[in-house]
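K.L.:
Spelled out, the chains give:
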Amino acid sequence: MAMTSGAPAGARGAPEVTRLLGNETAKGLWILWSHKVTLVPQLALMATTYLLFQAVLGGGHLVQALLPVTLFAYLAYIVVYVALLKMAAGLLEEVNTGTLEQTHLSPLPSWLLSVGRLSAVLAEGLLTAAAVGGGLVLALRIQLPLRPAALVPLALILADIAGFALLIGGLALVVTSIGAIIHVIGSFVMFLNGGLVPVSVLPRGLEIAARFVPTTLGLDATRRVLFGHETLAGTWGDHSLQWALLHAILMLAVGWAVYQAAIRRGLREGRLGPQ
Amino acid sequence: MSTQPAIPRPARDLPPATAASVIELCGLSKTYGRGRSAVTAVHPLTLTMEPGRVVGLLGPNGAGKTTVIKLICGLVTPTSGVARVGGYDVGRQRSRAVRQIGAVLEGSRNVYWSLSAWQNLLYFGRLKGLRGAEIRPRAEYLLRELGLWERRDQLVGGFSRGMQQKVAVSAALIADPPVVLLDEPTIGLDVEAARTVKDWIARLARDGKTVVLTTHQLEVAQELCDRVAIIQQGRIVVDLATEDLLNRYAEDRYEIQLSGHLRPGDDALPHGAQVRAEDGSTRIILPSTDATELYSVLGYLRRREARLVSVSQVRPGLEEVFVRLVKEG
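Chains A and B, in that order, are what the protein sequence lines are.
Under our numbering, the residues of the first sequence are numbered -3 to 271, in order.
Under our numbering, the residues of the second sequence are numbered 2 to 330, in order.
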């Protein structure tokens, strides 16, 4: 047999980035599908939780007019929940099983691996939210107003979630016990972003605090576009879009910095693998 | 005449130079933590490894073997020194350096148990920068060779420990790397699975790959390794060709093989000599004997008309050498 003394050539540039994102997303979806037996009840539970809270809010009835408003926020919470679960508990599981180290044996740069992981996490979150949302819309005949202009604040919500997921993922690599309180963090987002109770009915102090919670400001701008029939220029003018943009940028910057620092620390201290 | 099908190999870059050593560790050290809590896992060590060799990195628990492996992989950043793989600096040319490496790490699953064997190889192949068309024939080759082809679509979590380890080995070899790092690859495997992994290690070396192997199973190391580096408390205490190491620690002990049984009355043998009668033969093991004493015993046996078959110096096994070295510190 001939001696082998090289390494795979592999391509560089945009196709490589696309391939990596596709690869990570495919892996995430394969793993999600492998847990299909528990996935279905999980989706049903998510839908039921939403219905129960809406029924409590409506005094035993579902208030049809309120459903579209809260559903958007609830779906955003689902994306947050899945993203947190995958970026904290999922990451810690990968540390313990050694697969995180194996992924870092890739010739691809660390930042690209982070983007790949994030894209997979968001894809899983969006798919889960789409399944729950689709089911609720069909079952309850919820009329969701859809306007292309809403894509801008929706993109900001996604960026906000991405930053938050990176932040929690980075923290989980340093303080592993954070994995145990992911559900608490998720619930905190759910109660304050308007997913179950509109932010406007919260006490003043909580209403202010809610603005710092990921997705709240983006959802506020989305609601103005979808339900208030405001234009993007209008939401920019009343500062709601500006605040959402600022929050998303800050969250992404902080999340990215914390996550990358945690990976560097992990490499320095040999903590990316089983201890 | 039959021709052997070509082994599927991905396209590859050539290393920067046809270096005599494929792995170079120059003053490489690692200290975890700072101040009073600082623990030095690896003291500055310099080591080179030639292509096509199996190098055993041996040592007791906590000696620093796994840290050395991870320093070579770039999975731990060194406190000082440089690691080069295929001529590439792992710290500064990380991307090119890790292209040269496939690794199965200790205490890890190494692959995703929620994916099938096939999905794992596709995933890790793409992660190594390969395209699907390059991965598929290589993955099929590896899975067939390791006897996993029929079960390629089953989740790895449902496999036996041995099969899971084979998937990990396949994933490490998917990009056909010239350097393979195996940290305790046979631990927890049954005899058959361990044999398959050992056969593969030997095969990798024949294929020209450099294999760095850590193991506590010293008979595995003795069987497979061309060279052995024993590490203790983060320091290399011995780095020799396996044969040279065994010869160095060969004692002045001799084994005399006789045909037939020695009649009673062998009180002329030195104190501590062991006489063992075996099926139609006798084995005499002489403790710490110099040449004069050996000739004296041979003369005695001649006088007793014993039929001599062989005289050989007793060589200790790697395990015996290892225990001695570790005790000596």
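FYI, nobody ran anything at the bench for these hints, they're computed from the structure.
These numbers were taken from a predicted model, which means no experiment stands behind them.
Using N, Cα and C, we set each Cβ at its ideal position, and we do this for glycine too.
Any given hint could be a false lead.
Distance ranges between label pairs, derived from CB positions [claimed, not checked]:
no.	chain 1	residue 1	chain 2	residue 2	range
1	B	W150	A	W232	53 to 61 Å
2	A	H31	B	A134	45 to 53 Å
3	A	P105	B	C27	20 to 28 Å
4	B	Q234	A	A176	29 to 37 Å
Part of the chain A face toward chain B, derived, beta carbon under 7 Å [as the list claims (entries may be wrong)]:
no.	residue
5	N19
6	I27
7	T93
8	E97
9	Q98
10	S102
11	P103
12	H179
13	I181
14	G182
15	S183
16	A257
17	R261
18	L263
19	R264
20	P270
Example chain B residues on the side facing chain A (calculated, C-beta under 7 Å, incomplete) [unchecked claim]:
no.	residue
21	L76
22	T78
23	G82
24	S96
25	A104
26	L106
27	S109
28	R110
29	Q120
30	R127
31	L128
32	V310
33	V312
K.L.:
Indicate, hint by hint, whether the structure satisfies it.
P.N.:
Comparing the hints with the structure gives:
1. B/W150 / A/W232: 53 to 61 Å: At 59 Å between Cβs, range holds.
2. A/H31 / B/A134: 45 to 53 Å: 30 Å, violated
3. A/P105 / B/C27: 20 to 28 Å: Holds, at about 25 Å.
4. B/Q234 / A/A176: 29 to 37 Å: Given range 29 to 37 Å: holds, Cβ gap about 36 Å.
5. N19: 4 Å, holds
6. I27: Check passed: Cβ of A/I27 comes within 5 Å of chain B, closer than 7 Å.
7. T93: Holds, about 4 Å.
8. E97: Since chain B brings a Cβ to about 5 Å from A/E97, closer than 7 Å, the hint holds.
9. Q98: With a minimum Cβ separation of about 6 Å from chain B (threshold 7 Å), the hint on A/Q98 holds.
10. S102: Since chain B brings a Cβ to about 4 Å from A/S102, closer than 7 Å, the hint holds.
11. P103: 4 Å, holds
12. H179: 21 Å, violated
13. I181: 24 Å, violated
14. G182: Violated, about 22 Å.
15. S183: 26 Å, violated
16. A257: 13 Å, violated
17. R261: At about 10 Å, which exceeds the 7 Å cut-off, the nearest Cβ of chain B leaves the hint on A/R261 violated.
18. L263: Given a least distance of 5 Å, the restraint on A/L263 holds.
19. R264: 5 Å, holds
20. P270: 5 Å, holds
21. L76: Status holds, d = 5 Å.
22. T78: This hint holds: B/T78 lies near chain A, its Cβ roughly 5 Å from the closest one there, short of 7 Å.
23. G82: 15 Å, violated
24. S96: Holds, because the Cβ-Cβ distance from B/S96 to chain A comes to roughly 4 Å (cut-off 7 Å).
25. A104: OK, holds: B/A104 within 7 Å of chain A, min 6 Å.
26. L106: 5 Å, holds
27. S109: With a closest approach of 2 Å, the B/S109 hint holds.
28. R110: With a closest approach of 4 Å, the B/R110 hint holds.
29. Q120: 5 Å, holds
30. R127: B/R127 check passes; min Cβ-Cβ to chain A is 4 Å, inside 7 Å.
31. L128: 4 Å, holds
32. V310: 40 Å, violated
33. V312: 41 Å, violated
In terms of the numbered hints stated before, the structure departs from hints 2, 12, 13, 14, 15, 16, 17, 23, 32 and 33, listed from lowest to highest.
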